[in-house]
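**Student:** Each chain, written out:
Protein chains: 4
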Amino acid sequence: MGLKKAGVLGATGSVGQRFILLLAEHPDFEIHALGASSRSAGKPYASAVTWKQTDLLPESAKSIPVSECTPEAFAGCDIVFSGLDSDYAGQIEKDFVGAGFAVVSNAKNYRREVDVPLIVPIVNPEHLSVVEEKVKKSKAEGKKEGFLICISNCSTAGLVAPLKPLVEAFGPIDLLTATTLQAISGAGFSPGVSGIDVLDNIVPYIGGEEDKMEWETKKILGGTNKEGTEFVPLADDVLKVSAQCNRVAVSDGHTECISLKFANRPAPSVEQVKQCLRDYVCDAYKLGCHSAPKQTIHVLEEQDRPQPRLDRNRDAGYGVSVGRVREDPVLDFKMVVLSHNTIIGAAGAGILIAEILKAKNVI
Amino acid sequence: MGLKKAGVLGATGSVGQRFILLLAEHPDFEIHALGASSRSAGKPYASAVTWKQTDLLPESAKSIPVSECTPEAFAGCDIVFSGLDSDYAGQIEKDFVGAGFAVVSNAKNYRREVDVPLIVPIVNPEHLSVVEEKVKKSKAEGKKEGFLICISNCSTAGLVAPLKPLVEAFGPIDLLTATTLQAISGAGFSPGVSGIDVLDNIVPYIGGEEDKMEWETKKILGGTNKEGTEFVPLADDVLKVSAQCNRVAVSDGHTECISLKFANRPAPSVEQVKQCLRDYVCDAYKLGCHSAPKQTIHVLEEQDRPQPRLDRNRDAGYGVSVGRVREDPVLDFKMVVLSHNTIIGAAGAGILIAEILKAKNVI
Amino acid sequence: MGLKKAGVLGATGSVGQRFILLLAEHPDFEIHALGASSRSAGKPYASAVTWKQTDLLPESAKSIPVSECTPEAFAGCDIVFSGLDSDYAGQIEKDFVGAGFAVVSNAKNYRREVDVPLIVPIVNPEHLSVVEEKVKKSKAEGKKEGFLICISNCSTAGLVAPLKPLVEAFGPIDLLTATTLQAISGAGFSPGVSGIDVLDNIVPYIGGEEDKMEWETKKILGGTNKEGTEFVPLADDVLKVSAQCNRVAVSDGHTECISLKFANRPAPSVEQVKQCLRDYVCDAYKLGCHSAPKQTIHVLEEQDRPQPRLDRNRDAGYGVSVGRVREDPVLDFKMVVLSHNTIIGAAGAGILIAEILKAKNVI
Amino acid sequence: MGLKKAGVLGATGSVGQRFILLLAEHPDFEIHALGASSRSAGKPYASAVTWKQTDLLPESAKSIPVSECTPEAFAGCDIVFSGLDSDYAGQIEKDFVGAGFAVVSNAKNYRREVDVPLIVPIVNPEHLSVVEEKVKKSKAEGKKEGFLICISNCSTAGLVAPLKPLVEAFGPIDLLTATTLQAISGAGFSPGVSGIDVLDNIVPYIGGEEDKMEWETKKILGGTNKEGTEFVPLADDVLKVSAQCNRVAVSDGHTECISLKFANRPAPSVEQVKQCLRDYVCDAYKLGCHSAPKQTIHVLEEQDRPQPRLDRNRDAGYGVSVGRVREDPVLDFKMVVLSHNTIIGAAGAGILIAEILKAKNVI
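Protein chains in written order, with UniProt numbering: chain A, 1 to 363; chain B, 1 to 363; chain C, 1 to 363; chain D, 1 to 363.
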């Protein structure tokens, strides 16, 4: 059994630092390789990184040497997490997959590929089947085939969490709107969001974000072709999604004011919706994954919750909070969803995906 | 002609202070009476108030004696502005109207009365006709009849500003959603919003606010009965409005992410919508009112605007900014609206209403 | 052995909530009684409190009934923690001590009493001797004498932490200046600091705070009379302290820019000062107290540290961070000190004091 | 007489934008040339700049073509304001002075040159005499000699403002400490201060700032050699200055908690200090300069003032506010000083310096 050997691409960046924090004391993984730019290569991690996390740089990671992001340098890794910027992720991740690695990436580059699973681990781990099949087949042939799994966009993760159980219980949602109030940690920190942009201010725009939310939601809630080899997102006339994204002065935690309409009549009651959300147990938890939230969705009854400062850390950031579930005069229901953007919306999702892969013997 | 004598009820409160700032150098009005609680009565204003504005307390207001909020103490006033808390506004405003005063109130108490105009001065000054008729009639009878005009809720003001010209140009809107990111100044400052609630946080709830937005919009965009004596809000099946309100760490300026659908097909184009908003000239400006915005609606083309810190003060806070006008996959259009909550959404609106009343010889 | 029974006075307030969080999973204590105003008395704690902590209200505390703050209701408690407002603390704490309870209080009322220890548990636990003697004597007489121990002011706690080892190593400090940048959590939350006061703002004044820092420092660094029965603060001409206190937009963590001059010449070197701070091990740690910091003072070498968001939680908030130790052109040295105001500066200090009392068999 | 022709170097940067705002409606100056990097050269200003000011980009500046920063492109300018980064200012400013231009620079490069005036215009305009003499002499010789004047560091400006009248009235200050809480606008905005650094945080370090404050204060309060050709800063043993600088979540306005000791005994009383500050009228005001503050120093009596949000704009940002003047147990007095860092501490100072030069016929 033992620990799986993990590598981190883009280890000195914002997402990379989160991967390292989560891996440092993880019962399933040990850090085996750290990759960054050639500027950092050769240095011990503690010298290469400008550490900006509220938790201290783990002792165990300090002296790990940073290498360049080449497959050779990651030899022996069972799983490779990529926190690379999209400028670099395209080629490097391709190289790693080509060299037979299992790669879980936070970059946006390959999310829309028809054969790449786009995963929110508390929502659609069944999409991993596309990869499982390939791996099983290649193993049977005595080969080690590489594969790529993409983590969803951070605001998409929070949005789809409550949708999954609702669709399972009450049938398709056909109209969906979401206005986000997004934390600044999602933008990294070099330079990230400028202080003057969020002090006594909000910025009603995040480049590419609305399109990501509108598109990714359809893939995550969608299915596969008959052969189970390609993903088929929900068609635009089956599910219409409209997103409006804002950057606000919050460090961690994306708040989303969402409204939705079910395709089927009559729609469920408010109480049915809340009960359905409360009862949802994600597959990762059933599989016994270490980081899986005990309570996937926390339904809050206080009228002024969820709030990022108070609720973002439920289930160590892997649980999603939903509050103010109520009828909507325009669609069927409106509610407020809060999710931790760097945990379930980024690095943390990557870790939980890897835990699922391990539980399923894919890695 | 000369200056109209103005009184301010609730003069030491947050809204009252704004009235005094706006009146202090106003070309049409002079402060004649200031009313507050019995605790403050008898003191010069400078001693009675805890001044919390970024502009200095005007010299001219410092020594004005504060009286109790009784009609007797306001004798001689041509117009009375009320910044009273709703706990007190009910009885006091009734007394003033009964005593023959023209009252413009920021309180919520009488907004839903069938014969009380609910006015956003850059939107529906034509609703003042209900009062004009009464005043004309009573003048003809040699009497001085009191009347009340209500200022709308602050977030309603920003919402309806772009709707008015759109409805005039393209016919009724039948579906409307708005998610707000509201400034803390709207909550006053004793104690107002707690620091811990807005530091690294947002509060996804403002008591009563969503209901106000959903209801007031229908009255403001609605009409009157045939006799022109009572207001008839739009019916719930003619216009459906859904609001979600959030408090954020912004001092002044409410940002609203709105979506709307026109009843008529085909809907206009994005460019037609923007042109319509740009072309709108509010009646108050045509009447030559001092505070009326030269440009009622500023249509911004930069993709990340409007922003509260940068855009809230356009036309001294009487102009509304609209940005990111684009097609909406669920309704017809989505856009971001920014308005200055204490100017066009509160005290400033009261002043402009009074300017309109003066221009129309109602006061 | 077993668990000591703990009571909390003022259990629904800001400090009281912190006591409950810290007690809920404590290996030495169990919550035995919770006291609040008569308005809350009789309710289970979960109903009586408006919980505002980032950690969830502990399950174990939810159903504990809240009583009034009377000695009868706290019968059986081995230790009583007081988070009472100073308006109420005076009489209630007196009653509890009179009834034979061991009381550890966060209120300011009795801090300057000559026979009441004023304790920063990582700094001057030896001051507890005044109480130990009394307790020992009364035990010998078969009586149970009550006593009171005061927690210091929050900004005082951070200030004296590095001073203690420096004075021990290099002799008396005779000049000391401190300018604070204090978090808002110190002011509680009903209403606490107003949002408008800390948004794009600082308030260069905190009522009574500068006097507390200047006075309490002299008692904490001072000694006792020969009999060991009364405290003798350092005289004003032995140690001169000057404090300037500011409230800033930080949730937790007080930052203090301090300068100091030693009485003895030659003064130590910067490196000697840093080494002395690094080497300091507080007595509470030597006693094996559960909450005592492993590293009492963290000396940071990065030029831009400590920072509240990044460093306030070192050693669970019981460790103090010191950075930028350098020579001062006016006094001898300047440095930046960061301490967690609600942990080592308030409720957390109370818990650690109780751990020390238990370790010393005083309770 | 007519308008003086002004050029702006670094016109698209943060400081440059402020110069343009202040020049756009100035009664003494008109914008004649705007210089930026070669990337911007050739474009109209509105296209070259990413405008980030709360006031709109002035219409009159929009179409002015941006040129490169060469003396040729600025031909005809009576005065050149430099908002250049220090990376570029060194060579470019030298070239401009060499070409005979009058340059007022916000860069730090030449502040310590013995023959370059370092000016806070409300404090030491008499230091301009060193340049006046040179210009007079060269004019007499029929030449046009260029010269450079440096604007002080922003936090230095606030510090020295109250010191000047105090030293004039009560003799030398020999000990001075200042802890600053500095606004983020001073750091520009590309990228400027990162949002994550000032959200629920303070950064107790600003590169080079403490040294600037400690050094520049001595030059500004110092004199010249007998010939009046070189500046002689106060010696280190005559005035000792210690600064501690912090970055806080404030947009505009530096707050400084200062303490000072006079060399002469007995020291004045608190009331004498306050009266002295109130009575101070800066020379620029006596000269009738357009931007000179009517009240140079506002002495506030409210115990919790000055505050940046409420007080930074006094006298359009050219007035400095001083509050909480009180005795200091370590030195003689402590007080809180607030100054607007982009007005009296940067671009605004440059404009007022130019007004003084014009009033004295130096330009």
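Hints may contain errors.
As a list, the in silico DSS-like pairs of lysine-lysine whose alpha-carbon atoms are at most 27 Å apart [unchecked claim]:
| hint | chain 1 | residue 1 | chain 2 | residue 2 |
| --- | --- | --- | --- | --- |
| 1 | D | 274 | D | 108 |
| 2 | D | 240 | C | 240 |
| 3 | D | 274 | C | 240 |
| 4 | C | 294 | A | 52 |
| 5 | B | 134 | A | 240 |
| 6 | C | 261 | D | 134 |
| 7 | D | 261 | C | 261 |
| 8 | B | 218 | B | 134 |
| 9 | C | 94 | C | 164 |
| 10 | A | 261 | B | 261 |
| 11 | A | 43 | A | 164 |
| 12 | A | 139 | A | 94 |
| 13 | B | 294 | D | 261 |
| 14 | D | 294 | D | 240 |
| 15 | A | 294 | C | 62 |
| 16 | C | 52 | A | 294 |
| 17 | C | 261 | D | 94 |
No lab work stands behind these hints, which were simulated from the structure alone.
**Student:** If a hint holds in the structure, say so; if it doesn't, say that too.
**Tutor:** Cross-check of the supplied hints:
1. D:274 <-> D:108: At roughly 32 Å apart (the allowed maximum being 27 Å), residue 108 (chain D) and residue 274 (chain D) break the hint.
2. D:240 <-> C:240: holds, 19 Å
3. D:274 <-> C:240: Roughly 24 Å separates the two Cα atoms, so the pair holds.
4. C:294 <-> A:52: Holds: residue 294 (chain C) and residue 52 (chain A) sit about 23 Å apart, inside 27 Å.
5. B:134 <-> A:240: Distance ~50 Å between residue 134 (chain B) and residue 240 (chain A) Cα, so the pair is violated.
6. C:261 <-> D:134: This hinted pair is violated, its Cα atoms lying about 46 Å apart.
7. D:261 <-> C:261: With Cα atoms ~16 Å apart, residue 261 (chain D) and residue 261 (chain C) stay inside 27 Å; holds.
8. B:218 <-> B:134: OK: residue 218 (chain B) and residue 134 (chain B) at ~24 Å, within 27 Å.
9. C:94 <-> C:164: violated, 31 Å
10. A:261 <-> B:261: holds, 16 Å
11. A:43 <-> A:164: Given that 27 Å is the threshold and the Cα spacing comes to 44 Å, the pair is violated.
12. A:139 <-> A:94: Distance of about 20 Å is within 27 Å: holds.
13. B:294 <-> D:261: violated, 55 Å
14. D:294 <-> D:240: Distance of about 31 Å is beyond 27 Å: violated.
15. A:294 <-> C:62: Roughly 20 Å separates the two Cα atoms, so the pair holds.
16. C:52 <-> A:294: holds, 23 Å
17. C:261 <-> D:94: Since the Cα atoms of residue 261 (chain C) and residue 94 (chain D) sit roughly 44 Å apart, the hinted pair is violated (cutoff 27 Å).
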